[in-house]
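**Student:** Here is what each chain is made of, one letter per residue.
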Amino acid sequence: AQKVTQAQTEISVVEKEDVTLDCVYETRDTTYYLFWYKQPPSGELVFLIRRNSFDEQNEISGRYSWNFQKSTSSFNFTITASQVVDSAVYFCALSEASRGGGNKLTFGTGTQLKVEL
Amino acid sequence: DAGITQSPRYKITETGRQVTLMCHQTWSHSYMFWYRQDLGHGLRLIYYSAAADITDKGEVPDGYVVSRSKTENFPLTLESATRSQTSVYFCASSFGGATETQYFGPGTRLLVL
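Residue numbers (this note's numbering), protein chains in the order written: chain Z, 1 to 117; chain A, 118 to 230.
None of these hints come from the bench; they were simulated from the model.
A few of these clues could be false.
[Claimed, not checked] Partial selection, computed: residues in chain Z whose CB lies under 10 Å from chain A:
id: 1; residue: V4
id: 2; residue: Y37
id: 3; residue: G43
id: 4; residue: F47
id: 5; residue: N52
id: 6; residue: T78
id: 7; residue: F91
id: 8; residue: S95
id: 9; residue: E96
id: 10; residue: K104
id: 11; residue: L105
[Unchecked claim] Pairs of lysine-lysine, BS3-like flavour, derived with a Cα cap of 30 Å:
id: 12; chain 1: Z; residue 1: K16; chain 2: Z; residue 2: K114
id: 13; chain 1: Z; residue 1: K3; chain 2: Z; residue 2: K114
id: 14; chain 1: Z; residue 1: K16; chain 2: Z; residue 2: K38
id: 15; chain 1: Z; residue 1: K104; chain 2: A; residue 2: K174
id: 16; chain 1: Z; residue 1: K104; chain 2: Z; residue 2: K70
id: 17; chain 1: Z; residue 1: K114; chain 2: A; residue 2: K128
id: 18; chain 1: A; residue 1: K174; chain 2: A; residue 2: K187
id: 19; chain 1: A; residue 1: K187; chain 2: A; residue 2: K128
id: 20; chain 1: Z; residue 1: K104; chain 2: Z; residue 2: K38
id: 21; chain 1: Z; residue 1: K104; chain 2: A; residue 2: K187
id: 22; chain 1: A; residue 1: K174; chain 2: Z; residue 2: K38
id: 23; chain 1: Z; residue 1: K3; chain 2: A; residue 2: K174
id: 24; chain 1: Z; residue 1: K104; chain 2: A; residue 2: K128
id: 25; chain 1: Z; residue 1: K38; chain 2: A; residue 2: K128
[To be verified] Some chain Z residues close to chain A (C-beta under 8 Å, calculated; not the full set):
id: 26; residue: Y33
id: 27; residue: E44
id: 28; residue: L45
id: 29; residue: R50
Even glycine gets a Cβ: it sits at the ideal position worked out from N, Cα and C.
Next comes chain Z alone, as it looks inside the complex (with noise of 0.2 Å):
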């Protein structure tokens, strides 16, 4: 079965930070996709990015940055420099590609991020 751990429930960083969440994902599947979500205070949920199992190659956004390891299934978000508007809840998610994954997306339970100043 597909399950997601974010061991970080919450994270507190001073402004400009850099801080690093971390995702670690279990699958039986090779072919699989892995999200991150964004839940401001405001409550919607923000897609931020799309990564499948077979593009390695780590991405970057602005200030944000993903890095995906498949030999420690590990799928990590990083935001440089951090800012209030950051403050949110981060969700990671996995789907596997196949049949039995049954059109399931596995939310994990998120990390709160507080940026303060």
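Keeping the supplied structure of chain Z fixed, place chain A upon it in accordance with the hints.
**Tutor:** Okay, now just chain A, sitting in the frame of chain Z:
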């Protein structure tokens, strides 16, 4: 308005009552999903639909009923609400199945007294 909308945004009901949460999307996405969000559990899939008239159970389907007579609508019904169904409910849609990016509605906060 374009996108995915949910109604109502907030709902208070009593145990035993039937409640229907509405979801509407304007992208013509084939797939639609219903999740519930509870502290300590993240989001869990209740039901999903691959197309009109095709629905299937997710991880936590008990106590819920769905239908999809039109591609753009995917209502979720709690036939006899229980306190354990107090939650935030999110609808999502995507072009394909769960391997494609899902886009979420704003959520419905449901309180069952």
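**Student:** If a hint holds in the structure, say so; if it doesn't, say that too.
**Tutor:** A quick look at each hint next to the structure:
1. V4: Given a least distance of 8 Å, the restraint on V4(Z) holds.
2. Y37: With a closest approach of 8 Å, the Y37(Z) hint holds.
3. G43: holds (6 Å)
4. F47: holds (6 Å)
5. N52: holds (8 Å)
6. T78: Cβ of T78(Z) sits 21 Å from chain A, so the hint is violated.
7. F91: holds (6 Å)
8. S95: holds (4 Å)
9. E96: Status holds, d = 8 Å.
10. K104: Holds, about 6 Å.
11. L105: holds (4 Å)
12. K16(Z) - K114(Z): holds (12 Å)
13. K3(Z) - K114(Z): holds (25 Å)
14. K16(Z) - K38(Z): Between K16(Z) and K38(Z) the Cα gap is close to 19 Å, so the pair holds against 30 Å.
15. K104(Z) - K174(A): holds (10 Å)
16. K104(Z) - K70(Z): Roughly 20 Å between the alpha carbons, so the hint for K104(Z) and K70(Z) holds.
17. K114(Z) - K128(A): holds (29 Å)
18. K174(A) - K187(A): holds (18 Å)
19. K187(A) - K128(A): Holds, at about 24 Å.
20. K104(Z) - K38(Z): holds (19 Å)
21. K104(Z) - K187(A): holds (22 Å)
22. K174(A) - K38(Z): holds (26 Å)
23. K3(Z) - K174(A): holds (18 Å)
24. K104(Z) - K128(A): holds (27 Å)
25. K38(Z) - K128(A): Holds, because 24 Å separates the two Cα atoms, which is no more than 30 Å.
26. Y33: Since the shortest Cβ distance to chain A is 5 Å, the answer is holds.
27. E44: holds (5 Å)
28. L45: holds (4 Å)
29. R50: Holds: closest Cβ of chain A sits about 5 Å from R50(Z), inside 8 Å.
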